[in-house]
Structure formats: C-alpha cells, structure tokens
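Colleague: Read off the chains here:
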Amino acid sequence: MPFPYYVSPEQMMQDKAEYAQKGIAKGRSIIVLEYQDGIFLFADNPSSSLNKISEIYDRIAFAGAGKYSEFESLRKAGIRHADIKGFSYSREDVTAKSLANAYSQTLGTIFSQEIKPLEVEILVAEVHDDPQTNEIYSILYDGSISDEKGYTVIGGKADAAKIFLKERYGSNMPLKDALKLSVEALETTVNMKMTINNMEVAVLDRSRNGRKFRRIRGGELEALCNA
Amino acid sequence: METSSFYDLLLSQYSNLLPQLKLEGGINNMDEKGRLTNIPFGTTVLALKYKDGVIIAGDRMATEGYQVSARRIEKVYRCDDYSAIAIAGAAGVCIEMARLFQTELEHYEKIEGMPLTTEGKANKLSQMIKGNLPLAMQGLVVIPIFAGYDLSKGEGRIYKYDITGGKYEETEYYSTGSGGKDARNTLKKLYSLNMPADMAIAAALEALYDASEEDIGTGGPDMVRGIYPTVKVIRKDGIADIDPAQIEAAYKQLINSRRRAIAKEK
Numbered sequence: 002m003p004f005p006y007y008v009s010p011e012q013m014m015q016d017k018a019e020y021a022q023k024g025i026a027k028g029r030s031i032i033v034l035e036y037q038d039g040i041f042l043f044a045d046n047p048s049s050s051l052n053k054i055s056e057i058y059d060r061i062a063f064a065g066a067g068k069y070s071e072f073e074s075l076r077k078a079g080i081r082h083a084d085i086k087g088f089s090y091s092r093e094d095v096t097a098k099s100l101a102n103a104y105s106q107t108l109g110t111i112f113s114q115e116i117k118p119l120e121v122e123i124l125v126a127e128v129h130d131d132p133q134t135n136e137i138y139s140i141l142y143d144g145s146i147s148d149e150k151g152y153t154v155i156g157g158k159a160d161a162a163k164i165f166l167k168e169r170y171g172s173n174m175p176l177k178d179a180l181k182l183s184v185e186a187l188e189t190t191v192n193m194k195m196t197i198n199n200m201e202v203a204v205l206d207r208s209r210n211g212r213k214f215r216r217i218r219g220g221e222l223e224a225l226c227n228a
Numbered sequence: 285m286e287t288s289s290f291y292d293l294l295l296s297q298y299s300n301l302l303p304q305l306k307l308e309g310g311i312n313n314m315d316e317k318g319r320l321t322n323i324p325f326g327t328t329v330l331a332l333k334y335k336d337g338v339i340i341a342g343d344r345m346a347t348e349g350y351q352v353s354a355r356r357i358e359k360v361y362r363c364d365d366y367s368a369i370a371i372a373g374a375a376g377v378c379i380e381m382a383r384l385f386q387t388e389l390e391h392y393e394k395i396e397g398m399p400l401t402t403e404g405k406a407n408k409l410s411q412m413i414k415g416n417l418p419l420a421m422q423g424l425v426v427i428p429i430f431a432g433y434d435l436s437k438g439e440g441r442i443y444k445y446d447i448t449g450g451k452y453e454e455t456e457y458y459s460t461g462s463g464g465k466d467a468r469n470t471l472k473k474l475y476s477l478n479m480p481a482d483m484a485i486a487a488a489l490e491a492l493y494d495a496s497e498e499d500i501g502t503g504g505p506d507m508v509r510g511i512y513p514t515v516k517v518i519r520k521d522g523i524a525d526i527d528p529a530q531i532e533a534a535y536k537q538l539i540n541s542r543r544r545a546i547a548k549e550k
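Just so you know, the sequences run in chain order A and B. Counting in our numbering, the first sequence runs from 2 upward without gaps. Counting in our numbering, the second sequence runs from 285 upward without gaps.
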C-alpha cells in the first residue's frame with residue numbers, strides 16, 4: 002500500500018495562506034470609513050454591475066475583495082442569514098456582530114478543511130444612531146476577524162492605503178471630504194487615476210428612514226467629486 | 285442554482301417559519317357550518333387607480349364571530365417603495381403573509397441588485413397564496429389586493445386574487461372582504477378615469493364608509509378614539525401614507541353632507 006506524502010500541518014497552513022494572499026493581492030482595494038452621517042464605502046471597481054459593495058440589511062453593508070465568485074456567494078449567504086433572522090425574530094435583532102461571526106466561522110472552516118482556501122477578504126459594517134457605537138468588522142481568508150475603528154482598507158494594496166489614511170483621516174468629516182480622501186488614498190497607493198467610471202461608492206446614512214444603505218452614482222457622484 | 289426567493293428558501297429549508305396554523309381544538313373552533321369562529325377576521329379593503337398612480341385603503345376593525353376583536357388593526361401594508369398589499373381574511377395569517385411578502389421583495393432586490401417588476405411581484409404573490417390553499421380549505425382564507433406603480437409603464441396597477449392563487453388584473457378599481465361588494469357599489473358610482481388625488485381619496489373613504497354601514501364586519505370612522513381607515517398612495521415618486529388629519533377632515537365633510545341630505549328629505 003503506497004503511503005501518501007507527509008506534509009506537516011504548519012507547512013500546509015502556510016501554503017494555503019500564501020495561496021490565498023497571492024489571490025487577494027491581485028485584486029483592487031476597498032476603503033471603508035466613518036464620516037459625519039454614518040459609514041462611507043468606496044471601491045475601485047471598473048464594472049458597474051458586478052458590485053463589490055452591497056446592502057445586507059437595514060443598517061448593515063457588505064464589501065468583498067478578492068475573487069468575485071467567492072465573495073458573491075458569501076454576500077448572498079449573508080443576506081439569507083440576515084433576512085431569516087429578521088423574519089423569525091425582529092428587524093432590530095439582526096446585527097453585524099452575529100453576521101461577522103458567522104462569516105468568520107464559515108471562512109475558518111473552509112480554510113482548515115478544504116484543499117483550496119477562499120481568496121477573499123470581507124468587511125461587514127453597521128451604522129448606529131450614536132457614532133461611537135458604529136461597527137466595522139474585517140474578516141480574512143482564514144476566518145480571523147478584527148474590529149476596526151474609524152477607517153479600514155481591504156484587498157490589494159491595503160497596507161499602503163492604511164498608512165496613507167492614518168495620517169490624514171479625521172473623524173466627523175463630511176461626505177465630500179470622505180470621497181476626496183478615499184480617491185487620494187487609492188490614487189497614491191495604486192498609482193493610477195480614479196474616474197467616476199471606476200468608482201463604486203455607497204453609504205450607510207443614519208439620517209435615512211428604514212433602510213440606511215444607499216448607492217451614490219451617476220450625476221450625484223460626479224457632482225460630489227467636483228464639489 | 286440557489287434561489288433568489290425568500291419564500292422558496294423558507295419552503296425548502298425553514299418550513300416551520302411559514303405562516304401556518306395547526307388547529308388543536310378541531311371541531312370546537314367551528315360553528316355549525318364548519319367556519320372558524322374564535323379567530324379574528326379582517327374585512328373591507330380596496331384599491332383604485334387615479335391620475336398619478338394608485339390608491340389603496342382599508343378599514344381598521346377585526347371581528348371574531350359577532351364580537352369586535354380589534355379596533356386598530358392594520359390591513360394595508362407597504363411592500364416596498366412602489367407597491368402595497370391590502371388583505372382581507374383571517375387576521376393572523378394575513379399579517380404573517382404581508383410580512384413574508386415584504387421580506388420576499390426586499391430579499392430579491394438585495395440578492396439580484398435590482399427590484400422585481402410589478403408583474404413579477406404580482407406573480408410571486410399568486411404562488412404564495414397557492415401555497416396557503418390547505419389553510420384556506422380550513423376556513424383561514426387570505427384574499428389580498430396588490431397595488432403598485434409600474435415604473436416601466438408609468439401607471440398604477442391593481443391585481444386581485446382568489447383563494448387558489450388565481451391572479452386577475454383590474455383596470456379601474458376593486459374591493460374585497462366581507463364589505464367588498466358594498467364598497468364596489470360606491471366606487472362604481474364615484475369612479476371616473478384619471479381622477480385627481482383628492483377626489484380619488486374621497487371616493488375611497490366614502491366606499492369604506494358605505495361598507496361599514498352595510499357590513500357588520502367593517503369598521504367605520506371612529507371619531508371618539510380617532511381611528512380612521514388607512515389610505516396609502518403609490519405614484520412615480522414612491523409610496524406615501526395619507527395623514528390621518530386629512531382623512532378625519534374628509535370624513536367630517538362626508539358626514540355633514542349626509543346629515544344635510546337627510547334633513548332636506550324631512
């Protein structure tokens with residue numbers, strides 16, 4: 002009977018992590034930051050229909066970087082999780098924390114048990130009436146989860162963009178400043194010009210009634226860029 | 285391929301969450317004709333088209349047999365920005381079905397990234413009513429009216445249903461529930477094509493008033509407690525509730541004019 006080759010668990014995990022990181026590094030970045038009226042989400046995305054940012058529930062948004070097909074199925078699973086919870090309990094019982102934990106479990110299990118890890122990084126953000134209690138969670142390909150304050154970046158050049166933001170981010174900035182800062186952050190780190198055709202912009206705006214998620218596009222985005 | 289429908293998701297994986305009811309008491313809950321007696325039933329709802337879209341309205345009373353079980357129950361529900369559902373029938377199942385339908389539309393919109401068309405929403409509702417057929421056979425009938433503003437056609441649309449899920453589009457107005465026939469009679473007299481909003485709202489309120497006069501299951505305007513029928517308008521810029529103060533004023537006017545008409549006869 003032939004024995005399978007022995008690979009140590011450390012080696013196997015390291016290989017998987019490297020594989021996933023490589024996949025994610027190829028992708029473009031997404032910036033999420035808290036602004037005056039809630040949470041601002043900004044992605045470098047040349048497609049106007051294959052979204053990287055989307056609505057999950059009344060106060061919760063999702064952003065995914067890496068392989069589209071993989072974060073898209075995570076996004077749908079999140080919407081199912083949220084809608085079932087909201088339907089069987091109440092709309093207020095759907096929280097970003099529970100959703101982020103569910104994502105973390107799923108990604109963690111896939112990372113340790115499947116041959117191919119998911120090449121994704123995702124963000125779950127929830128806006129609250131009190132800005133101090135806003136929640137932003139980032140979840141990595143291996144299921145490790147972290148709670149972010151103020152701003153964060155996922156995807157390709159995340160670290161460089163984070164360093165850029167660290168120096169310039171200020172709390173309570175208006176929407177147009179949040180957009181301007183995000184554009185600058187991506188332009189300097191990726192070294193390419195951002196136009197409204199490759200921007201995907203959305204907000205969780207606490208001043209809205211009911212569903213807080215709103216996309217900013219077309220004429221409104223153009224006006225905001227020139228403001 | 286995974287479904288974009290919340291209803292199908294519940295059906296296949298969480299069927300315990302679907303609106304359903306197991307009647308433990310069996311025959312004890314029924315009257316001599318086999319109808320359920322100790323479950324609240326809701327009553328007259330209507331919809332009519334007007335110049336800029338569609339108006340949907342309903343009274344607020346629920347009855348259990350010959351008793352009033354609730355005075356301020358809601359029978360007209362907003363589904364999304366461009367549609368609403370009004371339901372007559374067993375109150376518990378109606379409310380659950382309205383909530384399920386709201387989630388259904390929102391779920392589809394989020395998963396697919398765009399909302400269903402008005403026709404698509406109306407068809408989905410038809411399937412959900414079909415799924416409720418076993419309950420309907422036990423007397424838990426749920427008969428909705430679905431009204432929406434069709435952005436592609438630029439007009440309001442009204443759909444009525446039967447208990448088997450059959451879907452029929454109405455071109456002018458419709459009313460259902462125990463007082464539905466009375467309300468329809470009034471609407472028939474008052475309705476005209478392309479009515480302005482205030483006239484259409486007044487017609488809807490008068491129809492509900494007439495239904496409440498003729499039908500014991502329909503509540504009229506309750507001036508003592510300040511409970512008035514729900515009226516929603518759906519038009520190009522979305523759905524809006526009509527302010528109860530405006531409804532109250534319209535009713536005062538209607539009642540005064542009826543008083544004068546009766547005084548004249550004397």
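Simulated from the structure, these hints should not be mistaken for lab results. Honestly, I wouldn't trust all of these hints.
Stated by the list, open to error - Part of the chain A face toward chain B, derived, beta carbon under 7 Å:
{"#": "1", "residue": "E56"}
{"#": "2", "residue": "Y69"}
{"#": "3", "residue": "E73"}
{"#": "4", "residue": "I80"}
{"#": "5", "residue": "S89"}
{"#": "6", "residue": "R92"}
Unchecked claim - Computed cross-link-like contacts, DSS-like style, restricted to lysine-lysine with a CA-CA straight-line distance of at most 27 Å:
{"#": "7", "chain 1": "B", "residue 1": "K414", "chain 2": "A", "residue 2": "K86"}
{"#": "8", "chain 1": "B", "residue 1": "K536", "chain 2": "A", "residue 2": "K86"}
{"#": "9", "chain 1": "A", "residue 1": "K77", "chain 2": "B", "residue 2": "K550"}
{"#": "10", "chain 1": "A", "residue 1": "K167", "chain 2": "A", "residue 2": "K117"}
Since this is a predicted model, take the numbers as computed values, not measurements. The C-beta atom is built at its ideal place from N, Cα and C for all residues, glycine as well.
Colleague: Each hint: holds or not?
Modeller: Hint check:
1. Look at E56 (chain A): its Cβ gets to within about 5 Å of chain B, closer than 7 Å, so that hint holds up.
2. At its closest, the beta carbon of Y69 (chain A) sits 13 Å from a beta carbon of chain B; the interface hint therefore is violated under the 7 Å criterion.
3. Interface hint at E73 (chain A): violated, since its Cβ lies 10 Å from the closest Cβ of chain B, which is beyond the 7 Å cut-off.
4. Annotation: I80 (chain A) was flagged as interfacial toward chain B, and the flag holds, the nearest CB pair being 5 Å apart, inside 7 Å.
5. The restraint placing S89 (chain A) at the interface with chain B holds, with a minimum CB-CB distance near 5 Å, inside the 7 Å limit.
6. At a threshold of 7 Å, the smallest CB-CB gap from R92 (chain A) to chain B is about 10 Å, leaving the interface hint violated.
7. For the suggested pair K414 (chain B) and K86 (chain A), the alpha carbons sit about 25 Å apart, so the restraint of at most 27 Å is met.
8. The suggested pairing of K536 (chain B) with K86 (chain A) is violated, with an alpha-carbon distance near 44 Å, which exceeds 27 Å.
9. The suggested pairing of K77 (chain A) with K550 (chain B) is violated, with an alpha-carbon distance near 69 Å, which exceeds 27 Å.
10. Of the supplied pair hints, the one linking K167 (chain A) and K117 (chain A) is violated, its CA atoms being roughly 34 Å apart against a limit of 27 Å.
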